[in-house]
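Engineer: What follows is each chain in one-letter form.
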Amino acid sequence: MKKLLLLTLLLPLNVLAVESDYVLVIKDHQFQPAELNVPAGKKIKIVIENRDTSPEEFESHSLNREKLIAANGSVSIYIGPLTVGRYPFYGEFNEATAQGVIVAK
Amino acid sequence: MFSTAIIVFREVLEAAIIIGIVSAATRDVRGRKLWLTAGVILGLLGSGLVAASTGLIASLASGVGQELFNAGVLGIAVLMLAWHNVWMASHGAQLAISARNVGASIREGRSECSILLVVVGLAVLREGSETVLFLYGISASAASGANGMLFGGLLGTLAGIAVGYTLYAGLLRIPMRWFFAATGVLVMLLAAGMASSAAHFLIQADVLPSLASPLWDTSAQLSEHSVLGMLLHSLIGYDASPAGMQVVFYITVLALISLGMQWAAKPQKSI
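Sequence lines, in order, name chains V and P. Quick note on the numbering used here: the first sequence kicks off at 1 and runs consecutively. Quick note on the numbering used here: the second sequence kicks off at 1 and runs consecutively.
If we strip away everything but chain P, and leave its shape as in the complex, we get (with noise of 0.2 Å):
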C-alpha cells in the first residue's frame, strides 16, 4: 500500500506543482476558477483517452511513439509558459505602478485563460495517464491486497494535492511588489525543467544524441527518488544523471525566454 502511495504521489506532485504554480501566477485573471477547472477535467477525461490507447501510441514510429507524444505534450506546455512570461513582462511598468492596474491589464488577457486551460489540462493529461494505468493494473489483476492499493493511491493523490495547494498558498503570501517576479522566476524553472525532460525522451527515442550519458551523476548525494529529489524536479527539473543534451535544452530554454522577456520590457520603459 506504501509503495502504491509514493507512486500515486510522484505523479500527482508533477501536475498540482505546475497547477499550483501557474494558478498563483494568474491570481488576478477573470473567471480564472472556472478555466482551472476545466483544464483539470478535460486532462483527466484525455488521460483515460491516453491510457486506453497506450499499446497503440507505443506501437507508433516503431516503438517510440509514447515519447515523441511525450516530448510533443511537453514542448506545447513550454511554448505556453514562455508565452505567458513574456506577456507578463510586457505589462513590466505597470507591474513597477501599482498592484491594482496590473489586476486590471491582466483581466483584460483573455489569452491568458487559454494559457492556464491548456498548461493544466497537459499537466493533468501526462502524470494522469500514467496514474490512471497504474491503478487500472492494480484493480484489473485483482490480487490480494489491491483494496489496500488503491486506498494508498487516494492516499499518494491527497498528499501530492496537499503539497501542490501549500505552495500556492505559500505563492499567494508572497507581497505584491516581488509577486510577479518570483512567480516570473518560478514559470520560467518549470519551462525549463520540461525542456529537458523533452530532450530526454527524444534521447530515449534515439532522436537525439546524448552528448554526454550522463553529464554528471549525483543520484548518491540526492537522489531523484528522495522526496527532496522529487520536489526539486518537479519545481526546476532537477536530474541526478542528466545527459548532455538535457542541459542544452535547459540552459537554452532558460536564455530564450529571459531574452523574450527583456525584449517584452524594452517598449514599456521607454513611454
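Same shape as in the complex, but just chain V (with noise of 0.2 Å):
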C-alpha cells in the first residue's frame, strides 16, 4: 500500500491532463444546463459552480461519482472515459429540483 502510494508521487500529473473542461451551474438547487454533451472515450474535466448560499452535493449512480460543493463554491470533478450513453445526475441534498443528465456522443 506504502510503496503503491509512493510510486502515485512518481506520476507526472500533467501526463494525464484533459483536453476540455465543462461547466455546470447551481443555481435555485438546479443544474444548468441540465443536460450536458460530452464526447465519448475520452477523460473530461468538469467545474461545478455552486452559486446558491448552500451546500449541494454531486451524485451520479451511473458514473460512480459523488462529490460536495460548498455554498457559493466551485469544484473540479473528472468522469471518464465514457461509452455513449445517458448518465443522469442529481443534487442528493436537492434530489426534488436538482436533476441533470450528461450525454456522451
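If you're looking for bench data, these hints aren't it; they were derived computationally from the structure. Idealized CB from N, CA, C, for every residue including glycine.
Some chain V residues judged to face chain P by a derived CB distance under 7 Å, without partners named:
hint	residue
1	P55
2	N64
3	L68
4	V75
5	S76
6	Y78
Both chains come to you apart, so use the hints to assemble them.
Structural biologist: So, in C-alpha cells, the structure goes:
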C-alpha cells in the first residue's frame, strides 16, 4: 500500500491532463445546463459552480461519482472515458429539483 | 423526511460499522470505552471543523482538495487497521492457548488504544462532516418541512447506530476460539474496502488512472444504494461499478496484510 502510494507520487500529473473543461452551474437548486453533451471515449473535467447559499452534493450512480460543493463554491470533477450513453446525475441535498444528465456522444 | 433519513443513515452506517468492528476487535483492551468515546467526540468536533472549511478544502489543489483529503484520511485508517491485524497476529500463539492470556497480552498493548482512537475518530470525521453539511443546508434553507427533515436525520442516525451496535453485539457472541480470526478477517476486509475508496477518490481527482472504468457493473443486480448494497459497501467495500485501479488497491491491501500477519505469526510459532 505504502509502496503503491509512493509510486503514485512519481506519476507526472500533466501526462494525465485533459483536453477541455465543461461547466455546470447550480442555481436555485437546479443544474444549468440540465443536459450536458460530452464526447465519448475521452476523459473529461467538469467544473461545478454552486451559486446557491447552501451546500450541494453532486451525485451520479451511473458515473459512480459523489462530490460536495460548498455554498458559493466551485469544484472540479473528472469522469470518463465514457461509452456512448446517458448518465443521469442529481444534487443529493435537493433531489426534487436538482436533476440533470450527461450525454456522451 | 424519509429521504433525509436514508441519506443520514448511509453516512452514519459506515462509521457505525467501522466502530462496531473495531470495538469488538479490541474487546479486552483496558480503558477501551474511554478511548472509544474520545475518538467519537474528537471525530465529531473534527467533522464540524471540516464541514466549516469545505469551501477552503475544496479549493485547494485546483478543485480536488476534497478528494485528496478523503484519500489521505482513508490511507491513515488503512495503515492503522493493517498494523492492528499484524500486531494481533504476532500474539497468535497465545491466542491459541487460552483466551485469558490473550486478554492479558492485549492489555499490555497501549498502542492498541491509540489505534482505536485514530480509526474511530477518522471514521466519524469523514462521515460526520458530510452529515453536518447536509443538516446545516436543511436548517439554513429553513424551507417548509425543515423540522420533518431534521427529524428524519435523527431517525437515520439512530438506525445507523442500531446496525453498528447489532454487529458489535453479534461479534461478541462468537466463541473465543474463533473470535480473533473472525474479527481479523473483518478488519482486513474493512481496510481493503477503504483502500478501494481511497483509489476511487484519487481517480476522481485525476491523480491515478482508472485502468478500466468500470471494470464491471453489477448495479442492476445489486445496487450500492439498496440496503444490502450499503451494508456490503461498508463491511467489505462492495462497489457496483469499480474502476480497475480500485480492485488493484483492494487486492494489494488484502495481500499485504495477510503477508504481514503470516510474517508476524512466525517467530511465535517457533518458541
